[in-house]
Amino acid sequence: MFYWEIKKILFKNKGIYVIIAAILLNVCVFAMQDRSIAPNVSTAVYMSYIHQYQGKLNPQKEASIETEYDRVSNSKKYISQLQEQFQEGKISEVQLQNKSKVYVQKKANLSSFQCFYNQYLTAKKSVSNRYLLNTRGWDVLFNDSITPIILLLLAICIAVPNFSKEYEKDMDQIQLCCENGRTKLFLVKLGAAAILLIVTTLLISILDFTIAYFVFDLRNFFYPLQSLALYNGSHFSLSLLSAYILSVVLKLLAIVFVSVFSSFISIAFRNQIVASITSLFVNIFSFLTIWEKTAFTSLPIPGNLLFSTEYIKGDISHDVIVSGALASKKVFVGLSEGKLILLLVIVCILLVLFLLFSQFLYLQKKVPNRFRKLFLCAFIPLLLTGCTSNIQRDTSFIYNGQVQNEVPLGKEKIKPSNDYHQILLMNDHTTTNILQDPLFTYTIECMFVHGQYCYYAYHVMDILCFAKVNMKTFENTLLYHSGEVNQQDYFDLQKMPVSNTINSKIPTVISMFSDSRYIYYFLSDETLRSIDLQTNKQTILASDANAGYANYYYYGKIYYINTINQLVYYDTLSNKIHVIPHVYVDSFKISHNRIVYTDIFTKKKNTLPLNASH
Amino acid sequence: MKQILYELKKTVFRKQLFFFFVAMCLVNIFFFQYHLNSINLYEIQSPKYRETFHKLHHEFDGVVTTEKAEKINSMYQELDEQVSSGTFNTTYEKDSLTGYIFQDYQLIKLYFHDPMMNNALYAEKMQDIVNEAQSNMHASNSHSYSHQYNRYIATHYKNRSVSSFYNFIGWQYLFDYQFSDILIILLLACCILPTFIKEKKSMMNEILDTTQIGKKSVFKTKILSIVVLSFLLVSVFAVVNLVLAQITIGIGGSTSPIYSIEEFSLTPYNCSILAFYLLSLLCKVIGFSVIGSLFLLITKFVKEYLSAFISAIAVALLLLFINGYLNTFSVFLRSISLLSPFHLINFPSVAQSIAGFHIVNHFVDNSIMAIIVQLLLFIVLMVINMLRKKGAHHVLLGNKKNSL
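Those protein sequences? They're chains A and B, same order as listed.
Sequential numbering of the first sequence, starting at 1, is according to the numbering used here.
Sequential numbering of the second sequence, starting at 1, is according to the numbering used here.
Incorrect hints may have been included.
Selected chain A positions facing chain B (in silico; Cβ < 7 Å) [what the hints assert, rightly or not]:
#1 Leu252
#2 Pro438
#3 Thr441
Calculated lysine to aspartate or glutamate pairs in the EDC-like style (CA-CA distance at most 20 Å, straight line) [as the list claims (entries may be wrong)]:
#4 Lys124(A) / Glu166(A)
#5 Lys200(B) / Glu179(A)
#6 Lys106(A) / Asp70(A)
#7 Lys198(B) / Asp139(A)
#8 Lys603(A) / Asp586(A)
#9 Lys169(A) / Glu199(B)
#10 Lys201(B) / Asp170(A)
#11 Lys201(B) / Glu78(B)
#12 Lys303(B) / Glu168(A)
Read the hints as simulated data drawn from the structure, not as lab findings.
C-beta: ideal position from N, C-alpha, C; glycine also.
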């Protein structure tokens, strides 16, 4: 009987296709996640720090990390000191270059080190149970929100047709007439669906673990759970591996619960579509209501339990913007061990009750009153398992950047208007607004004229935008913005990422150049970057560009002064940076095929021919 | 008419669906209340604060007179002095409006002084934009896109002023609240999919094809019943939402121009708030009719209930996804985005400001483009459905001939 039911689910109801599709979809989505540690963080640099310091913190490690912090964060200062020593003749040019190279490298690795250092600061607060490790693999495994959704849909697709398809064909009339149909069949049907789902869940969990191991470098199985950023306030004293096993066990319980619940709904409604919608709706109910997960774990909704790792999370706080300049901090208070056990007990009681209710409905009998009362009583202890939230208020500010001045254009010149909201084309007699958009209210940071186009850069909040305007037809075209290309929020289900730069100064565009394919620009954070207009990919080309100094685009080469005052150029064709040897400059300009620069030591003007070598 | 009523009876007036519909209405009421927390006034502030807010609105709502403006200004100046000097009492104060001086200051500043000030400056701000647009028009060729764009701005923004002051939070909330739309889509799926699939399963569609009326008008009736169903669902939820908004937040100033609401200060529409709300409901009906027609098309290809339902949800999600490309920099993606009926379902967000397409040196606003494209899409879907129907009829006749 059991064998036939499993065969029916797999082949007659086409469950095998759904299971295979679910496994393949899960593998694809899971494996295709971003492998980088964080934006602008070099994995190699981050891993070198991790390999050096991983494990439990001790005084030696702490001292070493603090020394490294000093060298990285003050690299600019040390470079200036070296320059001074060089100018005073205390060190030679070779020494300057060798020593400063180390600090330039450190400075380039600032964001990677910062990522590691933040992890260190968290670990330092509780040395005994927060270890340093590469968290990428574990983060992928523990913060996976795709697998639970796939499992939820799979459970509904398997469990709902199991009963309602037969009701739609009036098969129940026959089944209830025979002995096995009234007794065994109900449990066999439920058992078959549950076993298939348990096996699939186990398979998916093992696959996830294997992918995380091989693709995301999953290591350090026995480090404490609190080592992970989102779990550092967890109330559970578990190793990472045992926490994952616990989460899988919870998932198995959840999948059985979802299966029983969906079967109950399908028996009650006797219609596949209504049962599917109701089941889906009830299971995702908490997502629709509790976006911030403030009380996520307080309801024993079957679908919630599939997000098993949420139950072992600790207290979490993060910033959100409420309105205008107000920033609120919402705190998620995690479950304690006792509360989790209480919740699981309630889940088990509800599971049994749903099983009984289903059987009564299946046999077309009335549910006894004592079971109904027990069902209601099961919800009361939930108040004890609830989570809380509170709101703190803070004030924050947003800064504006500076604007590049006018661009000469033969007899005419182009400059921003006084409020930097428009671009004006000026000659001796007339002034024309070439932007021609009275609704444009953003601050223009920088302009660049090439052919008949004027390119300009501006920020909308923390989103960097590049646009061009045709100076003859005044046609305006947005070329790039760093925000999400698709701004769909799915009825607020997907929160648009909130800017986390509100408390820090947003780097502004100092100068920009553009050829037909790329936009090259210098930011005030001392980086030279490029954007490929075909793929919209942003790349950091150099991290040592001295902001505020002159830069030139000259026949495919971008000339600039680096942080140790060397004259450097980036070749856009070979994608390489070249340092012009023995030239230390204060300022420079390019005219008549020559670089005219002021030497930093002699303060005299020199010239350098622009030949094939540079 | 009788046929439409019969189709509706078949699709909507069923016992199971009735309970489902009631459940959805209850869920909508719950969400409406729950989402009130997204308003700062309801999320953070105390009941006394809200009570004072409503009381003051009762006093100051209506046409802004010099008397009212002076009174608000003097209240604000007095509180501003106290707060700026830092000498105000931070503990509970019985004589204050909300119980605390700083909260009084915040209430008057945020909800009365600043909005009144904005209203007073609005006409000047819009005139500046119109002047700038007109000067741009003079600088550009009269057949150029830039000229047309600036002319559109100048025409739509001219002679604008806000002379009245009301509590517009209720209206703003109504325009922002979108949860009812999810419920309407689910209800549409539950009404349309089972009925038409049942017809197909029981071979009723083939019998209908061979009858005199079935051949000619049943299909049109089906499409019309989808439009009527969309209209009914949108109307019911709109009434529920309006009543809830009136009870919980209060909706006033419905005859004020739509640009009186801060969020819509740059909208190209110059009608009253109520007219704009009705327009947005009409757009919703068009949007849901397009979605309903797509669901009808799905029933032509799919035999099983569950597969039809999954396909319908997948199509709805796909349309929702492409809806997000309207403000991107790629013209291609923006054009594709127009195929999504969700622009009409969430019409207020599309009509909030002037932005649009460059079509042969002409400027066409996004909201107008969305309406045109969706109406065309609706007609195209009708034709596709009809073509398939005719095809099926011929196949059926062909089979009969063969069997004969």
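So, going through the hints one by one against the coordinates:
no. : hint                  : in the structure
1   : Leu252                : violated, 25 Å
2   : Pro438                : holds, 4 Å
3   : Thr441                : violated, 10 Å
4   : Lys124(A) / Glu166(A) : violated, 60 Å
5   : Lys200(B) / Glu179(A) : violated, 35 Å
6   : Lys106(A) / Asp70(A)  : holds, 10 Å
7   : Lys198(B) / Asp139(A) : violated, 47 Å
8   : Lys603(A) / Asp586(A) : holds, 8 Å
9   : Lys169(A) / Glu199(B) : holds, 15 Å
10  : Lys201(B) / Asp170(A) : holds, 15 Å
11  : Lys201(B) / Glu78(B)  : violated, 75 Å
12  : Lys303(B) / Glu168(A) : holds, 14 Å
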